[in-house]
Amino acid sequence: MNLFAILRIALNALRVNKLRSTLTMLGIIIGVAAVIIMIAIGNGAQARVEEQIKSLGANLMIIIPGATLSGGARGAAGSQQTLTEDDAAAIAREVPEVQVAAPSQRSSGQVVAGNSNWSTILQGVTNDYFEAREWPLVAGRLFEPPELQTAGKVVIIGHSTAKQLFGEEYDPAAIIGQTVRVRQVPAVIVGVLDKKGQSMLGQDQDDVLFLPLATLRNRIAGQTQGKLRRVGLISVKTREGQSMAEAEEKIRALLRQRHRVQPGADDTFTVRNLTEILQAQEASSKIMTLLLAAVASVSLVVGGIGIMNIMLVSVTERTREIGLRMAVGARGRDILMQFLVEAVTLSLIGGLIGIALGFGGSSAVGNFAGWRVEIEAASIFLAVGFSAAVGIFFGFYPARKAAGLRPIEALRYE
Amino acid sequence: MSQALIHTRDLVKQYQMGDNLVRALDGVSVSINAGEFVAVMGPSGSGKSTFMNLIGCLDAPTAGEYKLAGEDVARLDGDALAAIRNRHIGFVFQQFNLLARTSAQENVELPLLYSDIDKKTRRARAAKRLDQVGLGARTDHHPSQLSGGQQQRVAIARALVNDPVLILADEPTGALDSRTSLEVMALLQQLNREGITIVVVTHEHDVASFAQRVIQFRDGKVVDDQRNAAADAQALLQQAVRKAA
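Read top to bottom, the protein sequences are chains V and B. When we follow our numbering, the leftmost residue of the first sequence carries the number 1, and every step to the right adds one. When we follow our numbering, the leftmost residue of the second sequence carries the number 1, and every step to the right adds one.
Treat the hints as calculated values from the structure; they're not laboratory data. In this text, all values refer to a predicted model and were calculated from it rather than measured experimentally. Mixed in with the good hints, there may be bad ones.
The calculated label-pair distances, taken between Cβ atoms and stated as ranges, are [to be verified]:
1. Ala83(B) with Thr22(V): 34 to 40 Å
2. Arg20(V) with Arg218(B): 45 to 51 Å
3. Leu3(V) with Ser31(B): 40 to 46 Å
4. Arg406(V) with Asp224(B): 27 to 33 Å
Cβ atoms here follow ideal geometry from the backbone N, Cα and C, with glycine treated the same way.
With the rest of the complex left out, here is chain B (with noise of 0.2 Å):
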């Protein structure tokens, strides 16, 4: 992959908080390449959370440059950014964010609302995507009618639903167990391992060891940006295995 997925130069944010200017991105240049599987790091006000929105096209940078697969999206108005949103990115939350008193095969098919999709294609690919998630049997289910685990699972089926390159996960084991957060990790780690580009924003070392690269914010800035070497190590023998399968 020659092209980076994600290239940021000297991306700035900074935000008027009162009488004080509040710069939560000070110059960031980060590339990630298509297929990487990262896990963004650090303390709470390092900058780590505005980068997410950045780079998922939720908000515009102040200055700096962002290109998402080769195109400027920096200077784009709301509405290209939804679009973008929609048809590249998925997004994964710490409280998953489902629509109550919705069934969790509606909830997946939110996404394809927005893109022109007729319902039987929508009732299709979410239907795919729960049967991928392992929720196959319980697409009729309410969020109130499912576990924490299962709930994300749900989410992460909605990211999937409209085929995006990019996997934005925002402390996705945040709100789960131990036992359930490696479930969802080791998910994520699988729809990796199919090509899909993830970040995911943590501060647990466990849920980062998952990932090949971690990167450590700090004030509005990287601080260290490393490969995780036994996650790369497994990656490279799983793409070993695939090659020769």
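Bound conformation, chain V alone (with noise of 0.2 Å):
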């Protein structure tokens, strides 16, 4: 007896009985749509850590200058300027951890092209916190070694800036080449980054201007501190598959030797492990979207039982159809399957309507409550090999009672 033959007297025998068939079904389905639901929610907030993550860059660490004290009294976090470009090299040298060690300073003005102008964030880097940042350019080139070492008067310009001086659909080739004043100083524009988007707390990371670290130093902001090439900040990007706890200790360890810190005395300088604060939140949305999965398996488990309820109740109905088709020929397992297949196909047929439902659901709980959702294919292979799964643990046990009548029982039960 081949499976299309079983299939078919399967799925007449679910024809017979609609109403009862489709009420068994809804367990089912409600449980598959409500998995493929929570999972796509999950997904979704998953996906928003990830996106975080991958806009402030991998492996990112930052290090700023700690705070001042003064009489007793401590100023706030990166007060005290103790931080300097060679600190920053000395890091990438010596700790084999880290890949690059950025320094930057950080200030703000008004920049004016043209006739428009518009205040913004104006960074002192080298080229370095571009590759920490993992920030590309879409036109343009970065900054030329001489430019960085004799302040020379050169920007690259973020997406928003951009936007703001040369109207909201600039041409990036176009604006290359282009002069900008930062507060009274004229600069060329060499390149235009590729949009970050918004920062962990929601500011534009792409309202700002970048200069060479000198040129800030000595032309813009005008400090007197050239000597020394004090740096507001540090970031450090460390090598892929490397620790970032032991890069952390090391680093940590080395400024303190660099800055003569006694043993005992407070840190002149803080690390903040950034990716390491946004894996925590990925991995609290991964234990989130289990947690949901998991609440609405327990449905599918419900839906499971519905259907062995009533595969026993249908093996019951139809002793006498199993003893007569026992005394015709068919063997115990041929029973099995028959039963078997019923309460798959239930599941499965269940199953796949649950998968549309779990779309649309996903869809609109997407659009009125504004969430973000993600259904992933593997959640569908999922939810239909769990109802299989379900078809098949709950469908055995009714299905080997009906295999094990005895025919003449079978035949004689009224």
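Using the supplied hints, reconstruct the complex from the two chains, each of which is provided in its own coordinate frame.
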């Protein structure tokens, strides 16, 4: 007896009891739909966090100067200007886990181009900064070594700043070579950055103008600490696959040594592992997804029990039919297959309807609640596989019960 | 026919009923030749149904020997017995046992589903048998749309569809009125004349009168085994007519 014939018998049996079959399926339908919707919501949340990590740059930590201490009153973090470009160079040189250590100094100011002007953040950086943040150019080039060394009057412009100065539909290639005045200092645009989007805190990261560190320090900010080459921040990117915690330890030790911090005294700087914070967030949203899916699977299991219940009733109801089939030559495994296929068909059809409902439900949640939802192909396979498994698992007992009937007793059953 | 189609020797069947051990069959030795039409009679509890179940390979004996067409089937397992039922034996039941909401055609095809026969052949053979029992025009009817006699004829077509050597009928007229009973018995008699061995369990003498031989059961034993003179004579006559033709 081939599978196709068994399938036909099963479909026929299900058709005969339409209402009952539909109600039985409902459990599976709701279960599968719930699983798909919950996973879609969880994945949406996870995707948001992942995007944030990507916009930050992977494996990133930042080092900021410590607080001042004057007469027992502690200042804000970063109020002490202890970090230097040399610190950054030393980190890159001496900590093997570090890929780049990019120093940067931040300021702000008015930028004028033609007849538009815009107040934005000015960042003095080296080319390492763009590597650390994984921030590509869409047009132009990075800074040339001479420009970095001699405070060249060049800028790399962020997407939002460019939009403010050159209009919504500006052409990145066309603004290369144009001159902007940064706090009255004319500078040539040599590069345009790709869009980065919002930071974790909702700040527009593209509203920025980058200059060589020396240019900002000597020509714009006008600070007189040229010799010490102080910086406000060092962004450190560790190599892929290296332990960030270990790198952090080594950087801390290195900087304590360089800053001659006495044993037992406080650090003169703070290391913040941003990626770790985001990864913790990602982990928690993953757990959330799992939790949601687990709760939804409970309804799938309940649906499976519904199938078992109905199949048991069906076996009892059709005892004479089973006896007859055995009398005309059905073996135990033919009967087993028939009822198993029936249960699996119930759960699979339910699963397919559930998938359709899950799709609809997910996009409804996305539209009405405004949540981000992402349906994974994997969750569909999971749902189909799981509902088939439910059918087999919960169908097996009734089917085996049917197959184990003795033909004469089944035939005599009233 | 030198060899018996059905040959039992000291067939015993015991059941455990609560604390009691019931001996439903107590040493039954019977031989039925191919082509015979046998009626099995006896009061309820006499063991005639148990005897039917055993020779129909629906059940295995506790002890004794049963050879069907020379093959020892008493010790076969469930799957092997299912295969024998499927290939060699046709069953007709008192309650017809047709599948509800299933057409006559599909009901007749049922045994073929379990013997790996392709769809086209199944169709053709089922249609031929329905035609043979006079229901060629009602192949699409469901059991609920057929009279009792018609339903039993569908069941007979189903019993015939695998070209069995043996048809076992358990009270085939028990649920029919006397007129349709006669029709059904006449149909069985007709099949017997075409060479099929038929064993009928019944408690009605009218029904038994169609058989050439009547075996009486009581308390699990055969108490009487007689040839039915009238039916015998008729059968001999028929044979002679067939030979002459």
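**OP:** Please test the hint of 40 to 46 Å on the beta carbon pair from Leu3(V) and Ser31(B).
**Re:** holds, 43 Å
Subject >> Hint check for Asp224(B) and Arg406(V) - Cβ pair distance inside 27 to 33 Å >> reply: 30 Å Cβ-Cβ, so the 27 to 33 Å window holds.
Subject >> Ala83(B) paired with Thr22(V), Cβ distance criterion 34 to 40 Å >> reply: holds, 38 Å
Original post:
How does the Cβ-Cβ distance of Arg20(V) and Arg218(B) compare with 45 to 51 Å: does it lie in that range?
Top reply: holds, 47 Å
Consistency note: the structure conflicts with none of the earlier hints.
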